[in-house]
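There are 2 protein chains.
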Amino acid sequence: MTRAYNFGAGPAVMPEAVIEEAKANLLDYQGTGLGVMEMSHRGKPYMEIQEQAGARIRKLLGADDAWELLWLTGGASTQFAMVPMNLGAKPADYVVTGTWSEKALAEANKLGEGRAAGSSQATNFDRIPKQLELSAGASFVHITSNNTIYGTQFREAPVVDAPLVCDASSDILSRPLDMARYGLIYAGAQKNLGPAGVTLVLIRKELLERSPKTLPTMLNYQTHAKKDSAYNTPPTFPIYMVGLVAKWIEAQGGLAAMERRNAAQAEKLYACIDAHDLYLGHAQPADRSHMNVVFNLAEPEREGAFLAQAAERRLLGLKGHRSVGGIRASIYNAMPDAGVDALVAFMNEFAAS
Amino acid sequence: MTRAYNFGAGPAVMPEAVIEEAKANLLDYQGTGLGVMEMSHRGKPYMEIQEQAGARIRKLLGADDAWELLWLTGGASTQFAMVPMNLGAKPADYVVTGTWSEKALAEANKLGEGRAAGSSQATNFDRIPKQLELSAGASFVHITSNNTIYGTQFREAPVVDAPLVCDASSDILSRPLDMARYGLIYAGAQKNLGPAGVTLVLIRKELLERSPKTLPTMLNYQTHAKKDSAYNTPPTFPIYMVGLVAKWIEAQGGLAAMERRNAAQAEKLYACIDAHDLYLGHAQPADRSHMNVVFNLAEPEREGAFLAQAAERRLLGLKGHRSVGGIRASIYNAMPDAGVDALVAFMNEFAAS
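Taken in sequence, the protein lines are chains B and H.
Residue numbering for the first sequence follows my numbering, beginning at 59 and increasing consecutively.
Residue numbering for the second sequence follows my numbering, beginning at 59 and increasing consecutively.
Quick caveat, the hints were computed from the structure, so don't treat them as lab data.
Remember, predicted model here, so these are calculated numbers, not experimental data.
A hint or two may mislead.
Which copy is meant is left open, so a pair is good if it fits within one copy or across any two.
Derived SDA-like pairs: lysine to any residue, alpha-carbon spacing no greater than 20 Å straight-line [to be verified]: (1) K102 <-> D286; (2) K168 <-> L273; (3) K117 <-> M105; (4) K168 <-> D219; (5) K284 <-> A164; (6) K117 <-> K326; (7) K326 <-> A164.
Work out the full structure, taking the sequences as your base and the hints as a guide.
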């Protein structure tokens, strides 16, 4: 069997070279006689893996010593709670751009006071709200930088007074970030970073001082910051994989190169959508995501045929989320150009058929 | 290079056959064209993996429909908080048998009232307390079934009135359990179950009713029970590995066979310790662990030589925890007999040298 092109929204495609490297080391990592999965998290070989993975991500993003880098678990969904628990939410402002920011806001309201500073809910989240109503003295402002379900993306982070907290689960490492605009960035790994099971948190060290001592130990960012993310056993193998992905991104030319490639791939797909009456893009053009290309068919009864014929060509994972329906092509960092070209070719043929 | 014998306390040795199977499927799982790491957690191939892994563990342990099986993250350390958050701790009784139960008790005291119902702290945790002072109306009684640092283990679970909660991180699936005695069992995966990054929780369904609605969503057991542990993206690859390990245990003959093998391996090591004045076992004989064999050298200045000569023979991970010092040989399920035989041969030679 050959590898398929995996357009799934996540867990998502990983670079083939990364999986090959992991495979070669699975039983015996660099002559240690143990696989990475079997190594003590306090032994030198693994500690170097974790340190290097963190250093690579810091370098790619330009996160200097003002930042703490934490390897956690529980996904973005756990961060929805940890952020207000640690930073306070009295109140906190949320830009509501879809399901994930709605969930984050709901969690803040369990733990403090979360406010919607803007929302595109009225138009089924087809755009990024530009006019924000921010609260005076907000503990933080929260955005979801890319919205997997609706296919929208902030072109750049808003400039706000309160610390900007960003759920970057679905576009981290896909483009350079102006780190000066952020206070905290978190991301589940399973789209651009690596496999599911590890959550990356970058937090300005000054914000760590806010964490109340009364928090459960594992939910306090300080616990993990003080112990270099080894207070307890971290998810060692997923972290190793993230390190390999970061190395692969370096080899591709870093985040500027990833951004060019992602933009070019997205452009090909949106051009195809715009060229055919059959395809109706969901997002407003200005806010189109470079990670998730979401569209409906003008003849929705042909959706089943679209998906079936795509699958015959090994173009997988294209079914849209039930909130929008239609088709979703997720083209994270690891999607090869050939996959996008194959999808565009198929879409042109299908529209003409 | 050949594989080493890994006596590390965790993340620990995994069966070679399991790693070989994972390796063969890393780029293309059973002809799907995707590796397990890259699959949607809502797609059929992965959902079958998770379901089968759970079914195998249920069958091995004899956990029937009265039990809910949850795949979580955050390790036992997160369960230290989730247990009292969900079950209440007004008060809760803890049997204190070492560092891990001390940490669990401390967490209960952050969230409610935890009481030490017994402790062997006065003798540096060299035994399991037999006389327990249990509280009337306790929310639960908590034990740590095996103590990795001190090398002690409950031979069987105590019979108590309140629901028995067991941190079985370091001996789960090493022997049959009388499930009737338990209310909740949790375990980080990285010793007997699989790689770090997934936490197994077995909870009686009736106890799920205790979870307060005010809890953060991800910290509420009900959230995960209602969604078959797919409320958010579970740690898919670690769960896949746990399923392979469970299949391997079945092929070994199940938990009764594992118990015989583990007991025989432990017996060989304790017999060697008892045969030489050089080796001083830490645990009282009646409470000796079948998972972690902990001993000091009567001539502590020879410890460095012991560890160095062992490493030359590819016997790795033998350094004891700083709380006890000396040597710790962890012999979890996946340790082959040949590894124990090699260690015993070395210990005999070293004692005679």
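We went through each hint and held it up to the structure:
1. K102 <-> D286: Result: close within a single copy only, 14 Å intra versus 37 Å inter.
2. K168 <-> L273: For K168 and L273, the Cα distance is within 20 Å both inside one copy (15 Å) and across copies (8 Å).
3. K117 <-> M105: For K117 and M105, only the intra-copy Cα distance (18 Å) is at most 20 Å; the inter-copy one is 36 Å.
4. K168 <-> D219: neither (24 Å within a copy, 34 Å between copies)
5. K284 <-> A164: between (29 Å within a copy, 19 Å between copies)
6. K117 <-> K326: neither (30 Å within a copy, 51 Å between copies)
7. K326 <-> A164: Intra 37 Å, inter 56 Å, cutoff 20 Å: neither.
The structure does not agree with the numbered hints 4, 6, 7 stated previously, though it agrees with the rest.
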